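Enquirer: Sequence:
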Amino acid sequence: MTKFSGVYHKRRLIVGLKSVKTIPALDYYLTQLGNTLEPVEDNTTLEVHFSKKKSKKLGDYGRANVSKEDFEYLKVIGKGGYSKVTLARKKDSGRLYAVKIMKKADVFNRTKRSFFRSEVQIQNSLKECNFIVDLYYAFQTQDELYLAMDLCVGGTLFYFLNQLEPGIKNEQVAKFYLAEIIIAMEFIHC
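Residue numbers (this note's numbering): 979 to 1168.
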């Protein structure tokens, strides 16, 4: 029998709940503070998500020290010309991220190293815009570059707009998203 002392178990912190079958939309919902369990279907099994082993101080999970091993990679959710995007859970917090993974050889054969640094710097400067995903972590291994960003559940904008039936209401929805894109573009170029 497992014994718990408060929210700690063997020097680990309970940081949230997650679905046993890794349901991305549900797991994302469960990471948002203040949400209830009402939307969870009766036949869905949830499990406790523990942080990794705690060290002496609670705040030892510093931003500068993040590495590949700090994430649990769940599944590939997108692919591009020289990268893939993976749904990943940060082990210490249980929070879900979209992690863009690029092979250094592919990136540096096509661009200069300074391009990647510029992408990170530009992404960091755009944190004030609500219509651009935030970059939380940038790190590397010997062979790969990683960018951990906001997870936007629900698929791509292209997929969403293609699912709309023609009509006035759906034109309004498309106009709404176009307005968000225009605001984001203005923010980038100002």
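Treat the hints as calculated values from the structure; they're not laboratory data. Since we're looking at a predicted model, the values are computed, not measured. Careful, some of the hints might be misleading.
Stated by the list, open to error - Subject to a maximum C-alpha distance of 16 Å in a straight line, what follows is the list of computed EDC-like cross-link-like pairs (lysine to aspartate or glutamate):
hint, residue 1, residue 2
1, K1069, E1047
2, K1078, E1097
3, K999, E1019
4, K1078, E1050
5, K1069, D1048
6, K1078, D1121
7, K1057, D1084
8, K1046, E1122
9, K1082, D1121
10, K1069, D1084
11, K999, E1025
12, K1062, D1084
13, K1078, E1106
14, K1078, E1025
Enquirer: Find the hints from earlier in the document that the structure breaks and name them by number, from lowest to highest.
Expert: Going through the list in order, the structure violates hints 10, 13, 14 and respects the others.
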